[in-house]
Every structure is written in structure tokens, then in C-alpha cells.
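Novice: The primary structure of each chain is shown beneath.
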Amino acid sequence: MDKTLGDKIPEFNKKPGSGSGGVGLSGASFGLGDHRTKLEVLVIILVAVIIIGGAEFLIYAFSVPQYVLPPPSMIAAALITEFPNFWPHLLVTLKELFIGFAIGGSIGFVLAAVITQFPFVEKIVTPYILLLVTTPMLALVPLLILRFGFGSEPRIIAVALASGPMVMINSATGFRRVDLAKIALARSFGASTFQIFTKIRIPMAMPMIIVGLMVGSIFGLLTTIGAEMVGGAEGLGNRLTYYSALIRMPQFFAIILILAILGISIYVFFFWLGKKWASWEA
Amino acid sequence: MNAKPEFPPSAGTDTVKMAIRDATKFYQTRTGAVHALDNVSLDVREGEFLCILGPSGCGKTTLLWSMAGLHGLSSGTIMLGNEAVTKPHPEIAMIFQDANLLPWRNLQKNIELPFEIKRKPPDRERINKLLDRVGLAGFENKFPRELSGGMQQRASIVRSLSVDPSVLLMDEPFGALDAFTRDEMNLLIQEIWMETGKTIAFVTHSIAEAIFLADRVAVMSARPGRIAEIYDVDIPRPRAIDIQTQPDFIERVLHIKSRIEHGRGAAAGFAIA
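Chains as they are written, first to last, in this note's numbering: chain R, 1 to 282; chain X, 1001 to 1273.
No wet-lab data here; the hints were simulated from the structure.
Wrong hints could be hidden among the right ones.
[To be verified] Under the rule of at most 30 Å between Cα atoms (straight-line distance), these lysine-lysine pairs were calculated in the BS3-like manner: (1) Lys-1142(X) to Lys-1129(X); (2) Lys-1142(X) to Lys-1118(X); (3) Lys-38(R) to Lys-1109(X); (4) Lys-199(R) to Lys-1087(X); (5) Lys-1109(X) to Lys-1142(X); (6) Lys-1120(X) to Lys-1142(X); (7) Lys-1129(X) to Lys-1109(X); (8) Lys-275(R) to Lys-1142(X); (9) Lys-276(R) to Lys-1087(X); (10) Lys-1109(X) to Lys-275(R); (11) Lys-1257(X) to Lys-199(R); (12) Lys-1129(X) to Lys-1118(X); (13) Lys-276(R) to Lys-38(R); (14) Lys-123(R) to Lys-38(R); (15) Lys-1142(X) to Lys-199(R); (16) Lys-275(R) to Lys-1087(X).
One chain only, chain R, in its complex shape (with noise of 0.2 Å):
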């Protein structure tokens, strides 16, 4: 008897024959998707446990010096007694890091929107987008810092170009999937081209906008925290320079404990958002 087969019932998923191209990252996935047993969250956490631990012994055992690795113990309580000291930092990463989200996110949206409206235009404009898309964003910050100074503007604009065409090309790869016979359907109803756009377009794109999203924040994390990383005095980015640069290392991996806790809680979010918007796209 085949493995794979087994005693599962012979059902096939008719998939709708909408033909979602494979550009950009659109193969990301909610990697959180399968449903997990209490013993399989049991276990998780117990490798938590053995880690953290483990760690904590060998690293007394060996006596390994702080500035090297300190111990989990230390970094929470680090995290802990010195919060009130990453706080207004964490405000700045996160402002910067909403602010050029929102304005990237929102002009990639739209202009994804706008452009598979026009099949010519999306050709000439595609490769450039993807110029964007795979060139690091980061290497401009140095050039924005020459333009615009040390404050926060060089690092939104950062964020905004990473996380924008991101937005762009997966929200594309939605709207492009047209399905005929639902435009049909609204338009013999008497739906306006507007009405088309917000009942049948969009629900149909959101899965893929949500994935644009997720990817899209994601990127303007890592580029917000990197321009940080390259000048300024505030932000994350720069603590982690500034805590390494005193051998704080206790202070240093509490900050990136926090870096970790912000870009699962961005995942989250979105997994979250998908499984509300989008869930009739298994």
C-alpha cells in the first residue's frame, strides 16, 4: 500500500484556475498554518527550556567571559532593570519603521493597483520594480544621510523604498489574477468599475497583499534597523552598535532579544490578518 495514500479519504482540491505567477517572494508562506497538538506545543516549549538552560550551564561550566557570551540570566535581567533605557529607542525604530512602512506600502498598493490596469505599462515598469526589489536598500543610507542629516527622514525613506516595491510586486501578482466571470457576475448585477475594483478585485488580490505585507514590513525592519546601525544616536540599530561598541554585551543581546519579540509580532500580526481576510484561500 502507498505510504502517502494510506487511509486517507480520495478528495481532490479543485483549485480555481486563476494563474498566480510566481514573481517576487509569493511562494512566503504562514509558516504558522498547521493547526499544532498540546504535546507538540508541550514540546516546543521544553526545547525552549533545554536551550536557554543548557546554555546557562555550559556557559558557568566554561567560564566563558561576558564579552563573549553572558548568560540568559543576565540578559533578562539586563532586558528588565534597563528597559526604561531601550524604551524611548524603541519608540524611534518603531516610528521610523510605521512611518516609511506606511508610505512605502501604501504607494506600492496603489501603484500595483494602477499598473496591472494597463498591461503595457506593467511590462516597461516590472523590471525596474524589481531592480528595486533586489537591490539592498541599505546601500543608499550613507547618500540619504549626506542629503537629509542624522535624524529619522534618511531612515523612513530607507524603509519606505525597501518595503514598497515588495508591496508592489505581490500585490501585482493579486490583481493579476483575473477571474472573468466574477467581474461578469458584479457587472450584470450593474456593479460600477469602482465596484468591481472594491468587491471583486481587491478580496480576490488579498491574500496576495497580505503576503506583500508581511514580506514588505519585514524588509523595512531590517532596513530600518540597519540605516540606525550606519548614523544617527537613536534607535535600536544604534544601540546595538553603541552596547558593542562598550562591550555591553548583556545590554546588547537584550536588544536583540527585543529586535526578535518585534519581527515575530509583525508575523503574527499578518499571519493573524490572513487567517481573517483571506482564509477562503486555504
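Could you slot chain X onto chain R? The hints should help.
Specialist: Then chain X, alone, in the frame of chain R:
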């Protein structure tokens, strides 16, 4: 075919509801123009059940979409009463192949789509009555993927009837269903038609389905699409599924089939059942 009609046609008046005159349609494609419809003239009578029968690619869907005002003709006119149909008309509702529900909306939201588009509050009482009538009461919160093909098509029928159109255009609505569900749906649509007195134009490529449902069957020939012949079907109603196995019914099927074969040389693309 020597059986004389013993019963008068059971429904349909002589008043013309929709008049199609010299409808011609070319599609422009990369490889040149495709001649989809050629001088099609056809009357749809008020309250009748008209089936448009033809092989795949004969232009019957093109004809129906033109009647729905979804796309224009190259030449010719389509009239609804005294009005020319050039864009979707509130009196005309379309029922599509494969139900065509929106997968991101639950049943309730799918059925309320026409009201949303027309910016009117949904007629809940009418919708609930219709849902009850087709056996979908209690499924309002289900999503299309959770329903069988037959249930999806029932929902799409409710969606179209909810706005109370006088003409229903049906584009091979049951083509993707299995034979049993299809019989069920054919009975249901016959009942709904008898109860509501709507004018129905029903496109199909099944000769048996056309004869079972129709007062008149308009047979189309392919490339370019033309009306080849029109047959009256005077079988009394309500018609039961098992009439399809009776000699008289089979004789009608074979008659149409032989005429098509005679006319075209071969009737490729036609299904008997």
C-alpha cells in the same frame, strides 16, 4: 416523428419579451477575427422556458452574454420590450456556470451582493423565503467551499431571484454537476419557473436537458453561430425525471440529433444526456 401534440403548450404567451434581431458578433483575437454569431434572430416569449442548444464553442454563451448586456454586438439589436439592451438591465439576471459564488463571502453575503451593488437594503424576507424554498435555510453562514456543487448552484439561483428579475438567463448552470444532482436541479428549476412565471433562456449542450426543460428548443449551429432550427416541446408539465426514459422522449432526442447530424455532417460536441 409522427406523434401529434395532444396537449397545448403549457406555458408561455405569444407576447415577445426579448427580441434578438440579426445579432452578429466578431471577437478580435491575435490570430484574427473570430465570427461568433452570424445574423441570429430569435424571440424569447413572455413567461416561456426557452433552451438554447448547441455544441461547445457555437456562440451560445456569447449570445446569452449579449442578452445580459455584458458585451456588445458587432451589429444587430437585442430588445427587452421597447428598450434596447446595451448594458446590464435590472429586469435581467444571469446564472453562471459553476455557480460563480465569491469564495471570500459566506452564503448570506453572497446572496446580498446584488443589493450591495444597487445600494439598497437587502430584502431579507424574500431572501429567507427563497432560501427555504431551495432547501438552504440554516446554511447562511457557510462559505461556498463548505457546500456541494448542487448547493452552491441553489445559492446562486437564490442570489439571482432575490432581486426579482423578470428574465433569467442561465449559462449551462448544471453542466459541472453529476447526473443525479443535475436531475434534482432540473426538477427544481422547473418548479421555480412554474411557481414564478419568469421568462427563462437556458443554454445547454445536452439535448435531453433541453427537451426536458424547454417549451421551445432553439438549436444553434457552430462557427459562425446561427439558429439552425426551433423545436416546440409539448410534453405536459410538471415533467418527471423518468419521462427521459420513455420512448416518446427518446424519439424527440434522436430526432433533434439526426437533424443536427444531417445539417452539419457530424454532431461532434453534442451530448445526448
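Novice: Hints first: check each against the structure and report whether it holds.
Specialist: Now for the hints, and whether the structure bears them out:
The straight-line distance between the Cα atoms of Lys-1142(X) and Lys-1129(X) is roughly 18 Å, inside the 30 Å bound, and the hint therefore holds. The hinted pair formed by Lys-1142(X) and Lys-1118(X) meets the criterion: a straight-line CA distance of about 24 Å does not exceed 30 Å. Simply put, Lys-38(R) and Lys-1109(X) have alpha-carbon atoms about 35 Å apart, too far for the 30 Å limit, and the pair is violated. Distance hint between Lys-199(R) and Lys-1087(X) is fulfilled; the C-alpha atoms sit about 19 Å from each other, no more than 30 Å.
The suggested pairing of Lys-1109(X) with Lys-1142(X) holds, with an alpha-carbon distance near 10 Å, which does not exceed 30 Å. A distance of roughly 23 Å separates the Cα atoms of Lys-1120(X) and Lys-1142(X); the hinted pair therefore holds under the 30 Å criterion. Pair hint Lys-1129(X) plus Lys-1109(X) holds up; C-alpha atoms about 16 Å apart against a cutoff of 30 Å. Straight-line distance between C-alpha atoms of Lys-275(R) and Lys-1142(X) comes to about 16 Å, which keeps the hinted pair within the 30 Å bound.
Pair hint Lys-276(R) plus Lys-1087(X) does not hold up; C-alpha atoms about 36 Å apart against a cutoff of 30 Å. With a CA separation close to 18 Å, the supplied pair Lys-1109(X) and Lys-275(R) stays within the 30 Å bound. For the given pair, Lys-1257(X) sits about 43 Å from Lys-199(R) by alpha-carbon distance, which is inconsistent with the 30 Å threshold. A hinted pair counts as satisfied when its Cα atoms are at most 30 Å apart, and Lys-1129(X) with Lys-1118(X) qualifies at roughly 21 Å.
Proposed proximity of Lys-276(R) and Lys-38(R) is supported: the alpha carbons are some 23 Å apart, at most 30 Å. Under the criterion of a C-alpha separation no larger than 30 Å, the hint pairing Lys-123(R) with Lys-38(R) is inconsistent with the structure, at around 49 Å. With a C-alpha separation of about 19 Å, the suggested pair Lys-1142(X) and Lys-199(R) falls inside the 30 Å cut-off, and the hint holds. Taking the CA atoms of Lys-275(R) and Lys-1087(X), the gap is about 38 Å. The hint is violated against a cut of 30 Å.
Hint compliance for this structure: hints 3, 9, 11, 14 and 16 are not met, and every other hint is.
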